[in-house]
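Asks: The listed protein sequences derive, respectively, from chains A and B. Residue numbering for the first sequence follows the numbering used here, starting at 1 and increasing by one per position. Residue numbering for the second sequence follows the numbering used here, starting at 1 and increasing by one per position.
Calculated directly from the structure, the hints in this document are not laboratory data.
Covered by chain A, according to a simulated footprint, are these stretches of chain B (three or more residues, beta-carbon under 8 angstroms):
hint	segment
1	15-21
2	53-64
3	90-102
4	110-122
5	127-136
6	143-152
Below, a sample of chain B positions facing chain A; criterion: calculated Cβ distance under 7 angstroms:
hint	residue
7	V5
8	N24
9	P25
10	N106
11	S107
Quick reminder that beta carbons are idealized off the backbone N, C-alpha and C, glycines included.
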Amino acid sequence: MATDVTQQGSGRSRPQYSGFAGLESGSRPAYQRLQRGRARVDAAESLERGLGWFSIGLGAAAVAAPRLVCWLTGLRSPTLMRLVGVRELTAGIGILTQRDRAPWLWSRAVGDTFDLAALSVALARRGRRGRAAVALAAVAGVTALDVLAATRLTGSRVGRTLPGASGKTDIYLERSIAVSKSPEECYRFWRSFENLPRFMQSLESVRQLDERRSRWVAKGPMAMRLEWTSEITTDRPGEELGWRTLDDSGAANAGSVRFEVAPAGRGTIVRVSLHYSPLGGALGAGLVKLLGHDPQSRIREDLRRFKQVMETGEIPTTQGQPTGRRGLFGRVTEQWGLAQ
Amino acid sequence: MKANVWYGREQVRVEDVPDPKILNPRDAIVRITSTAICGSDLHIYDGYIPGMMAGDIIGHEFMGEIVEVGPEVKNLKVGDRVVNPFPISCGGCFFCQQSQYSLCENSNPNAWLAEKLWGHSPAGLFGYSHLLGGYAGGQAQYARIPFADVGPIKVPENLSDEQVLFLSDVFPTGYMAAEQCGIRQGDTVAVWGCGPVGLFAIKSARLLGAERVIAIDRFPARLRKASQWADAETLNYEQVDVAEALQVMTGGRGPDACIDAVGMEGHAHGIFGSYDRLKQALMLESDRPPALRQALMTCRNGGTVSIPGVYGGLVDKIPFGAVVNRALTLKSGQTHVQRYLKPLLELIEKGSIDPSFVVTHRLRLEDAPRGYRMFRDKQDSCIKVVLKPWADVPTVEADEVTASGRILH
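Given only the sequences and the hints, what does the whole structure look like? Please build it.
Replies: Structure (structure tokens):
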């Protein structure tokens with residue numbers, strides 16, 4: 001018996017963060033893409049940490065022995081040198097301790113340009129040209145490294161916040177919710193596409209065209225209207241539904257919803273995987289996220305509403321209840337549908 | 001209808017607002033005959049509950065008569081007299097099925113907001129901020145009750161409003177606080193705070209078999225209630241060092257269980273009291289926890305600290321080393337009121353307890369702002385204010401001498 005349970009556990013019933021079932025072959029599983037991304041991050045990381053320690057070393061020297069550093073670089077003002085030291089220490093600590101290093105690396109790059117300017121002035125003066133020239137060359141080299149590290153980090157930001165994204169415009173996401181109903185019940189409700197607008201907030205209608213194809217109409221961000229035709233790629237009753245869009249409508253996506261048996265009679269884990277290209281690329285994705293229209297939040301809330309319909313038969317709301325007079329904040333919040 | 005509306009710190013006003021309507025098939029509308037001000041409403045009044053919006057109708061302890069039911073409510077009919085529990089619970093989710101009603105997964109339409117602050121969302125509550133659903137509250141003439149087939153309990157006509165009203169919150173809350181202590185024969189239970197929840201916790205601890213109950217407060221009227229009504233020993237923390245007194249009273253071991261019925265606006269003397277007030281004012285901590293600190297420090301090794309007092313966010317200087325090294329058990333949570341309605345109503349019917357003893361003041365709904373001030377500042381030895389939404393006779397107030405003596409009408 002125990003073996004049976006173990007086998008079952010490693011089979012379809014175990015919730016896994018991996019999947020991309022429902023897509024045709026050829027697309028790599030999400031976790032592979034994640035790993036490749038990570039190796040790249042490791043290489044960049046040693047450069048970033050190196051720059052952080054360099055900052056601290058330089059900063060400590062400039063604060064502790066400003067005159068010596070002035071002499072070495074051909075600069076004149078020890079007070080200014082101390083300030084440079086404080087700036088360097090701050091940037092170094094920022095790079096080494098903060099999770100998001102990009103702004104600290106950029107602050108280094110900005111500081112570098114200041115140093116380059118100061119050294120150029122020193123170079124123009126007579127007397128200490130030799131040392132100033134060497135310092136200028138060194139700072140120029142470090143500047144190049146700073147800019148390299150900072151741009152690389154900034155470029156990979158989309159990949160870091162959205163798990164599994166393989167490029168800047170190609171986003172993968174996965175979201176699940178536990179529902180106290182059987183996988184069969186959940187599948188049946190979802191498979192009747194006319195039910196979908198009941199819990200998918202931005203969806204206006206779904207019309208079945210034939211066995212496999214259907215026409216979808218949805219409200220997009222900023223009152224845009226999106227329409228597309230979708231095709232079922234996988235249909236395993238009680239287990240899984242997969243789909244992809246057929247026409248390029250600006251809402252191109254492919255994905256699946258799986259209905260996994262939760263252990264010990266705890267109902268179903270409903271798991272949605274979605275692969276899509278956001279309108280306007282990474283910038284567009286960031287914008288809709290700001291507006292709360294990003295697929296990540298939408299799917300989270302739609303899944304919650306699916307659970308509410310399945311478990312309670314209705315979607316709890318307060319819209320239409322009495323209130324006193326709302327202030328400006330309350331009116332804006334209600335208008336934008338940010339909270340009930 | 002008339003309703004008590006929150007507009008900001010220390011600003012509540014009774015105003016005319018639209019009547020509530022049925023919005024979902026499992027809703028019901030109740031015409032409220034009695035409603036109370038809860039100690040936790042004072043946190044809203046003082047501006048410490050996040051997620052409040054000007055214009056919110058507040059109040060979560062109410063009862064009345066059903067005047068309308070949605071098509072899916074089969075167990076109630078128009079005319080039923082009901083008491084309504086303060087958490088809103090669907091009855092069908094994982095937690096409701098385990099009778100953990102205040103953790104309902106479905107009743108908070110703003111769950112994502114609560115998830116940002118607390119990690120996961122609990123149930124929606126009546127009149128208790130948009131973090132907890134933004135539902136209109138019950139200090140009003142009417143209220144809409146979502147999932148009315150799960151929450152409200154019908155109450156017999158021979159019991160007065162004030163005997164059953166507190167089933168909505170403070171009685172089950174005090175009871176759950178005591179139940180969570182796992183009281184065994186011979187146990188000593190110490191209770192910080194002798195407001196309504198503290199008093200019900202004291203009485204419940206007695207009912208559940210505690211040998212001794214020690215009540216801690218600084219208001220003589222409240223300590224007197226604790227000693228007269230529930231036979232508690234009392235400590236006035238303005239007069240004695242509570243930690244030392246508890247040591248002496250328990251042979252140096254400490255109480256077997258401690259109940260913090262104070263919550264986020266705790267009061268303390270000396271440097272620590274000022275420290276918490278300063279930090280709270282600077283928004284460096286959201287809650288002031290002196291009672292919780294003392295409960296953790298004085299509880300016996302391996303004992304239980306039960307926390308019915310409301311905390312909203314972050315607290316500071318919690319002696320967690322005491323929890324780990326002395327194997328303390330922490331118990332808390334918003335009350336799973338629905339779980340306690342039936343058994344506690346039976347206790348009332350049997351005469352084991354008469355909850356109306358906590359009432360000190362009866363006011364018209366219109367006088368709610370005065371009620372809040374009076375309750376917050378403990379004027380006139382105020383312990384519990386009951387509001388009457390339909391009374392048009394002049395306000396009748398009871399004082400300490402005639403407490404629970406006179407009834408409106």
